[in-house]
Amino acid sequence: MELTHSLEDYIEAIWLIGQEKKVVRVKDIMKFFGYKVSSVNKALKNLAKRELINYEKYGYVEITDKGIEVAKRINKKHRLLYKFFVDFLGVADDVASRDACNIEHYLSEETFDRLCEFVDFISSEHCKECFEKWRQHIESKRRCEVRLSELNKGKKALIKRILANDSMKQKFYSMGLVPGEEIIVEKVAPLGDPIDFMIKDYHLSLRKTEADMVVVELIQEK
Amino acid sequence: MKNEFLVAVCGNPNTGKSTIFNHLTGVRQHVGNYPGVTVEKKEGILVYEKYKIKLVDLPGIYSLTAYSPEEIIARNFVIENKPDLVIDIVDCSNLDRNLYLAIQLMELGVPLLLVFNMSDEAEKKGIRIDTKKMSELLGIPIVKTVGHKGIGLDELKKEIVRCCMRTKFHSYEFIRYGKEIDSTIAELKRILDQDKEFSTNYNTFWIALKLIEKDEDVKELVKKSFKNPSLVFNFLEEKISYIESIFGEDTTTIMADARYGLISGITNECVRRVDVEKRRRVSDRIDFILTHRFLGIPIFLALMYLVFWFTFKIGSVPMEWIDNFFRFLTENINHFWIGKSYLKSLLLDGIIGGVGAVLVFLPNIMFLFFAIGVLEYSGYMARAAFIIDRVMHRIGLHGKSFIPMLIGFGCNVPGIMATRTLESKRERLLTILVLPLMSCGARLPIYLLIIPAFFPKKLHTPMLWLIYLIGVILAIISAKVLKHLLFKGETSPFVMELPPYRIPTLKSLVLYVWEKSFLYLKKAGTIILAASIVLWFLSTFPKPQKYSMDYNLAIEKIKLNASLSDKEKERLIIDLENRKIAEEVEKSYMGRIGKFVEPLFSPLGFDWKITTAILGALSAKEVFVSQLGIVNRVGEATEESESLRDRLKKQYDPLVGFCIMLWALVSAPCIATFAITKQETGSWKWAVAQFFGLTLMAYILVLITYQIGRAIL
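Protein sequence lines, in the order shown, are assigned to chains A and B.
Everything in the first sequence is counted per this note's numbering, starting at 1 for the first residue and increasing by one.
Everything in the second sequence is counted per this note's numbering, starting at 1001 for the first residue and increasing by one.
Quick caveat, the hints were computed from the structure, so don't treat them as lab data.
Where is the CB? At the ideal position from N, CA and C, for every residue including glycine.
One thing to keep in mind: the hints can contain errors.
Taking lysine-lysine pairs in the DSBU-like style, the calculated list, with each CA pair at most 35 Å apart, reads [stated by the list, open to error]:
1. 31/A - 1219/B
2. 1483/B - 42/A
3. 1179/B - 76/A
4. 160/A - 1227/B
5. 1227/B - 200/A
6. 1219/B - 160/A
7. 1227/B - 42/A
8. 1219/B - 200/A
9. 31/A - 1189/B
10. 31/A - 1239/B
11. 1224/B - 200/A
Derived list of chain A stretches under chain B, where covered just means 3 residues or more per stretch with a C-beta under 8 Å from a C-beta of chain B [as the list claims (entries may be wrong)]:
12. 67-79
13. 162-169
Here are the in silico distance ranges between beta carbons for each label pair [said to hold, decoys possible]:
14. 219/A - 1283/B: 19 to 29 Å
15. 1179/B - 219/A: 46 to 56 Å
16. 1216/B - 212/A: 56 to 66 Å
17. 30/A - 1485/B: 40 to 50 Å
With the rest of the complex left out, here is chain A:
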């Protein structure tokens, strides 16, 4: 009996909430996802039909043994993926968590087992030296991520993301400041602020406060 991805998410969430609290209410689940009532109720009904939970409308939700088994299986994948992304690939927390949530549904048992073995193998003594090198590589790469305002004159960088509200983001995008674009620090104003950049083949000047909202990855000149 195949579960849809969102149902898998629900059962996992119910199990997780159940670990912390004695009883699981619909309210808790809603809070967990931030969804609206209608979709939660529909999902819960669906889960109850498959005997993964016991559920009365507007009442408590109780996870069945069968449900626990399913939830545990999914959660195990989630934790492994998360650990793999963060500790081994050096991905940022929030990105790793989101990716793990998405991939967990697609991962087959076979690949999952292989991945477990691979993680064990890499962390063992055989690979210690090589693994350490890899960690350093990641670390140096992460250090390359700086704010646009921190770059010196003449430096070239790749835009990673913009940390601003939506309307400010839209402004940046309309000026061509989009993730993936290359940007060069052309010069600093005589009084130290603003800064003149070269992007998409034109000159754009930003105050330091605006340049501070742009996360970039420094491109090392060979």
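Based on the hints, put chain B in the right spot on chain A.
Quick look at chain B alone, frame taken from chain A:
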């Protein structure tokens, strides 16, 4: 058959949009403001064969988001007025960024015509564009032009007419944002279409798209106009969080990404880059000097001095001609129209005086806008802002506020007009509101009269500096306070393009100057003229029925008195005549108002003579001096009048003298400033607020100064 069309002209700043607009319409232009906002609106008529096309120049913008008032104005114009055609002027040397706006116009679903301007610059940069292929891909006609050389403009006119005559135009359904977003747009559109009234008024596809992009303005629109907004927002919220969880990006970014993706797809197919010689571009070499770390600021200051000198020093030459002409006119009328009558007084003092008061600013305005035009069109204006922004930002303003503030020291009227170079509505308004605190040239005679009268010689210069400094400090404080009060929580970021240097064309400069001068004469001129006549009336009427003594008889008596020398006679007669004028002013409406408000001003140390002079100074600040001379019975005085200084010294002490200067500096600006503020902000509200705000500030400041001063001294 329809032969009148409405066409909107749109495009990024610095694309030569106004040059093309000017070429298309010539001087048949109408310049004004969008209702109630400080954003300029320009309209013109293009007559081509039997067709009459009304062109509207929309503000220069980079996109159609709700980021700035200019963007909202542009898109609302397109949505509400449903023009027959929208022309998007594109700078082809910077195609990617320029097409971003084009894509957004396509999203709006309007009939579009792209003008690829500055094709010569692109050629030089080694960019070869296959416009025919691009036009086919986009389904939009494209015309190549070189605006400042007039190349391709005839073809453009032809194409405009052809586009207007089309009954059907391509839809832009090929724009895709990825499967999830496309399906969400479609579903959202279906929900929006349920409200028949809403879907006939608005393009629901565009509304759906903007909702997903989290456009605040459109959200408000749906909340207000859609019959069941919660239906939309519940669906939207769920979908957005779903999409964002899949992509790991927010929808705003995904949409922008999709647009740039489409653009790079198109440019990959249609644009070829030829390697040109790798020399540094001329523009960059100029920039190396003009924004140099050490040279940049001296050059900036020198250029600013030049602008000031050009405006006021060179500008004073034609000003003198105007002055001489009016003097000549007055003398001749006096010569031919003997005797005294109210009609003559109305003509000479009221009308000719009023027209003179309007025209006297014109040379300054023309010279200033010529200088600003050169700076703006050459591209230096953006550099000036770049160089000085650090300082101006500290005091809560923008780099581009510098020139208006500087010009304000010469005269507030052209200074306020110069704020037109500020693109951001917020910063422009802020600059206009505090600008009268820049002590203008007309206030100088007041200081020059007062300071030597009350202060020892060694304090003259420091005193003058102090007054100017107080003005600047007050401007800084007011800017900060107003920013907090009016635009609380709104950030005004500095994201500014530094366009390549270009040589301005004479035609565009002449049109620029003509446009500003005409606007001044038509809008501000009428208000100034009307107010001058009102002030003339108040100071002339009513004539006293009975004088306190018979001046004419007294003068006759002196003339016949044989014991007096001729010189003595003359002195006594002038004295009597001055007394007579003083009595006339005292009994006029203005004198009466002056006396009436005296109790209000006595806590400030001002008597009725000063208040009457203050009222007179509304027409122009320097009038304060001559008016004070009249009420003190020394005739029409100038700032060098020793007899007036003696009178002042006898009546007042240095504290009152200082208070007069402080009042002149801060209080209500002259009517010309009032008129220009009304014109430039587009509403009476701001002009009135500025007038009374400054007066109130002056009152409080002078009250505190005087009372504390009295207590100490």
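Exercise. Holds or violated: are the alpha carbons of residue 1219/B and residue 160/A at most 35 Å from each other?
Worked result: Status holds; Cα separation ~28 Å.
Exercise. Taking 8 Å as the C-beta cutoff, is the stated coverage of the stretch 67-79 of chain A by chain B satisfied by three or more residues?
Worked result: Coverage by chain B is violated for the stretch 67-79 of chain A (0 residues, Cβ < 8 Å).
Problem set entry | Straight-line alpha-carbon gap residue 1219/B to residue 200/A, limit 35 Å | Given that 35 Å is the threshold and the Cα spacing comes to 31 Å, the pair holds.
Exercise. Is the gap between the beta carbons of residue 30/A and residue 1485/B within 40 to 50 Å?
Worked result: Once the Cβ atoms are compared, 41 Å apart, the range 40 to 50 Å for residue 1485/B and residue 30/A holds.
Problem set entry | 35 Å Cα cutoff - pair residue 31/A, residue 1189/B | Distance of about 29 Å is within 35 Å: holds.
Problem set entry | Pairwise hint evaluation, residue 1219/B against residue 31/A, where the allowed Cα distance is 35 Å at most | Judged against 35 Å, a Cα distance of about 24 Å means the pair holds.
Problem set entry | Coverage criterion applied to the stretch 162-169 of chain A (partner chain B; beta-carbon cut 8 Å; 3 residues) | holds (count 5)
Exercise. Between residue 1216/B and residue 212/A, does the C-beta distance stay in 56 to 66 Å?
Worked result: violated (23 Å)
Exercise. Between residue 160/A and residue 1227/B, does the CA-CA distance stay at or below 35 Å?
Worked result: Not satisfied, since the Cα-Cα distance of roughly 41 Å exceeds 35 Å.
Problem set entry | Pair hint outcome, residue 1483/B versus residue 42/A [Cα-Cα no greater than 35 Å] | Not satisfied, since the Cα-Cα distance of roughly 50 Å exceeds 35 Å.
Exercise. Do residue 1179/B and residue 219/A keep their Cβ atoms within the hinted range of 46 to 56 Å?
Worked result: Given range 46 to 56 Å: violated, Cβ gap about 33 Å.
Exercise. Could one say that the CB atoms of residue 219/A and residue 1283/B fall in the range 19 to 29 Å?
Worked result: holds (24 Å)
The structure is inconsistent with the numbered hints 2, 4, 5, 11, 12, 15 and 16, although it conforms to all the rest.
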